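K.L.:
For reference, the chains in residue letters:
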Amino acid sequence: MRLASLTVRNFRNLASLDLELPPDGVVIIGDNGHGKTNLLEAVYYLVLFRSLRGAMDRELVRFGEAGFFIAGDASPRVTVGYEIHGRRKKVTANGKEIKRLSDAVGLVVAVVLSPADRSIVDGGPAGRRRYLDVLLSLSDATHLAALTDWKAAMKQRNAALKRGNASEAQAFDRPVAVAAAKVAARRHRWAVEWQSRFTELCTSMGERTAPGMVYSSRHWTPDGAAEGIQENLRLRIERDLRRGTTTVGPHRDDLLLTLGERDIRRFGSAGQQRTAAIALRLLEAQALSTSHDTAPIALFDDVFAELDQDRQERLLLLIKESLPGQAIITAPRDAEVPAALFERPRWRMVGGAIAR
Amino acid sequence: MSAIDELCSELAKLPGIGRKTATRLTYFLLKQPPDEVVRLAAAIRSVSERIRPCSVCGNLGETDPCLICEDPRRDKELLCVVEEASDIGAIERTGEYRGLYHVLGGHLSPLDGIGPEDLRIEGLRARVANGCEVREVILATNPSMEGEVTATYVRGVLENAGVQVTRIALGLPVGGDLEYADGVTIAQALAARREMPR
Chain D
1 MRLASLTVRN FRNLASLDLE LPPDGVVIIG DNGHGKTNLL EAVYYLVLFR SLRGAMDREL
61 VRFGEAGFFI AGDASPRVTV GYEIHGRRKK VTANGKEIKR LSDAVGLVVA VVLSPADRSI
121 VDGGPAGRRR YLDVLLSLSD ATHLAALTDW KAAMKQRNAA LKRGNASEAQ AFDRPVAVAA
181 AKVAARRHRW AVEWQSRFTE LCTSMGERTA PGMVYSSRHW TPDGAAEGIQ ENLRLRIERD
241 LRRGTTTVGP HRDDLLLTLG ERDIRRFGSA GQQRTAAIAL RLLEAQALST SHDTAPIALF
301 DDVFAELDQD RQERLLLLIK ESLPGQAIIT APRDAEVPAA LFERPRWRMV GGAIAR
Chain C
357 MSAIDELCSE LAKLPGIGRK TATRLTYFLL KQPPDEVVRL AAAIRSVSER IRPCSVCGNL
417 GETDPCLICE DPRRDKELLC VVEEASDIGA IERTGEYRGL YHVLGGHLSP LDGIGPEDLR
477 IEGLRARVAN GCEVREVILA TNPSMEGEVT ATYVRGVLEN AGVQVTRIAL GLPVGGDLEY
537 ADGVTIAQAL AARREMPR
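Quick note, the sequences are listed as chains D and C, same order. Be aware that the first sequence starts at 1, since it is given in the working numbering, and climbs by one per residue. Be aware that the second sequence starts at 357, since it is given in the working numbering, and climbs by one per residue.
So that you can see chain C by itself, here it is in the shape it has in the complex (with noise of 0.2 Å):
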């Protein structure tokens, strides 16, 4: 195999890349100046040698404990509940959010073979066991039916734990039309609705 070929063949398991896309990219690569891909060449490796799953919450950083968990600023009172590490991102983008995570590592799906014993459910409950600081679990999963069912179980592993379990919020996208919302979304949002504040 060439070296292109091997290139090719490496880009085209990335997710959402097929052959094509991958054979765009190595011939980009090519025209590139060398210490341009060499730098890009680096930083995967980097990412492959230091990055680490934290032992704690599951987030994904070069220290462990990561930096949010490390953090003395962070609430402990919190914990957020997500189904992956880059859902991390998305919620600490807000700047809205000061409390802990916990990363599930995915969402139940029996299909796939992927039960409660392949999440980190063990070490959440272990997370929230008494005499802990954490009072509210905010279940943040993803509003897929999937994502609903894993936090349906969550809810259901943390029924004694002594602590308030809450789930996101669920609705219209803000900034949204409410015309072009689909009709599951407009229900769920007529459902969840709330006393208008004065």
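Bound-form chain D, shown alone (with noise of 0.2 Å):
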């Protein structure tokens, strides 16, 4: 997949730009707070029409302004608005507008490849299953709906909970557990679907204590459907009246990643934790140009900086094989990016403009 043009505006401190990207893509050099990583984030806005660092919607609009726009042909020409006030966000593609968010995420895929990362490795169990659920939702409709159905009978289940009311809670047991177990089996489809090929990523960016990765749930098992979360529901009422929330489900999920049966989040060293974070970023490129029979677009957000020469060769060579198709590359110098991706045309970011 390949962004032709890309039009921002008002978003962070990117007021006005209109870019012609080449097919390659670009190589973006320019300080520290001059807009690179928002310029990335705006090119990954359109992937899933919210933001990549978790900021909310009227955060991104620039100072001052009352909304945002962004719009990227990447066949379909997506674009998406957003107002302050009224709170509306309006998305086209190809001139028609979509009604429903759920139906335009997807249209354009990129894998986003940063230092923060790391944060996905060594951070808790719900940056986990964000990567799961986010490159599930870009490759599979129907993990979208699960996990919509199921976030909407939780918001139900947990009102009751707070009200105090037992028998009312336990009213949207079955449609929690069904759509619950449907979240939980597609995660676990995956994680055992692409196992062997994490191991075979760490392994070629030099990692030698065997890596595994393993969804691990609580209470669900592959076998189990729906009828193991409804009865672990049931058997954990008291508690999750007590706490006024549920506390039985995929939310309590983790994807166990190990070197060596060991697991790297406690036992893992920097550059092993960084190693496995890469991993499976050109894992999610894997998978979804997999399903979307398209490499997506590679952004790569000053990632070269902290390897060593041997493994930044080597991720080179990774990265020609799960993302071959457009890169948009930043960094604060020339001199941090490798010189196998010199052969892009070169710009400079100052103030949140693009000086060529």
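If you are wondering where the hints come from, they were derived from the structure by calculation, not from laboratory data. Please note that the accuracy of each hint is not assured.
[Claimed, not checked] Below, a list of computed lysine-lysine pairs in the BS3-like style, where the Cα atoms sit at most 30 Å apart:
#, chain 1, residue 1, chain 2, residue 2
1, D, Lys151, D, Lys162
2, D, Lys155, D, Lys89
3, D, Lys182, D, Lys99
4, D, Lys155, D, Lys99
5, D, Lys89, D, Lys99
6, C, Lys387, D, Lys96
7, D, Lys90, C, Lys369
8, D, Lys151, D, Lys99
9, D, Lys96, D, Lys162
10, D, Lys320, C, Lys387
11, C, Lys376, D, Lys99
12, C, Lys369, C, Lys387
13, D, Lys155, D, Lys90
14, D, Lys155, C, Lys376
15, D, Lys99, C, Lys432
16, D, Lys90, C, Lys376
17, D, Lys90, D, Lys162
18, D, Lys89, C, Lys387
19, D, Lys162, D, Lys182
20, D, Lys151, D, Lys90
21, D, Lys155, D, Lys182
22, C, Lys376, C, Lys387
23, D, Lys89, D, Lys182
24, D, Lys182, D, Lys151
Just so it is clear, the structure is predicted and the values come from calculations on it, not from any experiment.
Bring the two chains, given one by one in their own frames, into a single complex with the hints.
P.N.:
In structure tokens:
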């Protein structure tokens, strides 16, 4: 997939940008704080229609402005506009308005690699669940539908728990369990399907201890379907009432990453965690290439600086294989971009504007 | 506030009508012959004065009990449970149903603060208490998540009432096209398939 052009208005510090992007991509050089990451975030906004860094939409609007607008031509041409007043978001694809946001998710596919990815590996389980849900939502519309159903049923059940009404809460056990089982099953199936590829990727980046990846669920078993979760919901109703929230379900699950059977999160070195994080992103790229039949747009946010020469070279080889399409690469200085990526045009970013 | 503004803001309170439509309707009414407008006003007034919920089933009508509850030709062994009184109209138009109704007045929605005590569930329990004529209760709440949950809840309440409880069938719309049906509906229709009669 290639982004031919990008238009940005009043998004973070980017006042007004109209860019024609080369088919192979570009290298964007600029000091920190001038808007390189904001530009990548604007591109990625066309993928999920929400902030890459978890910010609220109104926080993305340039200071003092009423809203922002982003358009990208990636065949389809996708546009999104947001107004603070009325919190309205409008998405179009090839000129036609798309009423349900979930129908627009996945029209544009991209993968971001950034130093912040390490938090997927060394942070809490929520980041790993989010990683799975984002890539599964992009590759399979039924996963997003199951997530939406599950969240709607959970909201109702939790509201009943807060009201302190057990039978009312339990009336929602079935819809919660049915949707929760779909979410867990899909995540589990993905981990089974891609675990050997994860091992291969880590190994080709120089990891010597056997890496592993497995989906771990407390209340769901691969053969148990919805009944197991429903039974657990029933057994823990007292605890749920005390806490005023549902404690059973895939919001308690984790994607366990291991090195020789030991948890990378606790026992891995910083270098090993970084390798695992990059492997997850490359895995995401390959999974999305499979589901979309085209390589996602690659967004590299200053990822090469912290790697030594040897790891840089290994990573570049893997990138050629996993992300052969268009790449937008940012770095603070020319010297921090590997020579192999130099063939692309180089742009400079100053104060939210591009100078060529 | 001018009379025009007053009517606009009253109309704008109606569901599905925004400020713009309210203004359009107001100016439309101003262009009508005065007796037409007076007839509309009288119709609105008489609805609000004469229509009452039925104390037995919750249907809306001019009499209490309502005409359906009072009709001796209706099958008193069948009771159809719906969310809103307007659902009765939809079922009546089919002409296929000859039993009685029970209006819950909504569905369970803890998020909106609507629990079982806010629905006419106690009234339903009393109607099908042992010794009554009802033999079958048909749950015809909406096929939404909240509608399903409400049906499940009512099913539980009627557990020991000694009546048969059935759920209205869910599946493909008649005259529809399988190709254009959504996945959830097709899956539901497959799960609820039945043997083809000869």
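K.L.:
Now look at each hint and say whether the structure bears it out.
P.N.:
Hints, one by one, checked against the model:
1. D:Lys151 - D:Lys162: holds (16 Å)
2. D:Lys155 - D:Lys89: holds (23 Å)
3. D:Lys182 - D:Lys99: holds (25 Å)
4. D:Lys155 - D:Lys99: holds (23 Å)
5. D:Lys89 - D:Lys99: Answer holds: Lys89 (chain D) to Lys99 (chain D) is near 10 Å, not above 30 Å.
6. C:Lys387 - D:Lys96: Distance ~37 Å between Lys387 (chain C) and Lys96 (chain D) Cα, so the pair is violated.
7. D:Lys90 - C:Lys369: With Cα atoms ~25 Å apart, Lys90 (chain D) and Lys369 (chain C) stay inside 30 Å; holds.
8. D:Lys151 - D:Lys99: The given pair, whose Cα atoms are some 20 Å apart, holds under the 30 Å limit.
9. D:Lys96 - D:Lys162: Measuring from Cα to Cα gives roughly 42 Å; hence the hint is violated.
10. D:Lys320 - C:Lys387: This hinted pair is violated, its Cα atoms lying about 71 Å apart.
11. C:Lys376 - D:Lys99: holds (21 Å)
12. C:Lys369 - C:Lys387: holds (22 Å)
13. D:Lys155 - D:Lys90: holds (25 Å)
14. D:Lys155 - C:Lys376: violated (34 Å)
15. D:Lys99 - C:Lys432: Not satisfied, since the Cα-Cα distance of roughly 46 Å exceeds 30 Å.
16. D:Lys90 - C:Lys376: Holds. Lys90 (chain D) to Lys376 (chain C) sits at ~21 Å (cutoff 30 Å).
17. D:Lys90 - D:Lys162: Since the Cα atoms of Lys90 (chain D) and Lys162 (chain D) sit roughly 34 Å apart, the hinted pair is violated (cutoff 30 Å).
18. D:Lys89 - C:Lys387: Answer violated: Lys89 (chain D) to Lys387 (chain C) is near 38 Å, above 30 Å.
19. D:Lys162 - D:Lys182: Within the cut-off at roughly 26 Å; holds.
20. D:Lys151 - D:Lys90: Holds, at about 23 Å.
21. D:Lys155 - D:Lys182: OK: Lys155 (chain D) and Lys182 (chain D) at ~17 Å, within 30 Å.
22. C:Lys376 - C:Lys387: holds (17 Å)
23. D:Lys89 - D:Lys182: holds (29 Å)
24. D:Lys182 - D:Lys151: holds (12 Å)
Consistency note: the structure conflicts with the earlier hints numbered 6, 9, 10, 14, 15, 17 and 18.
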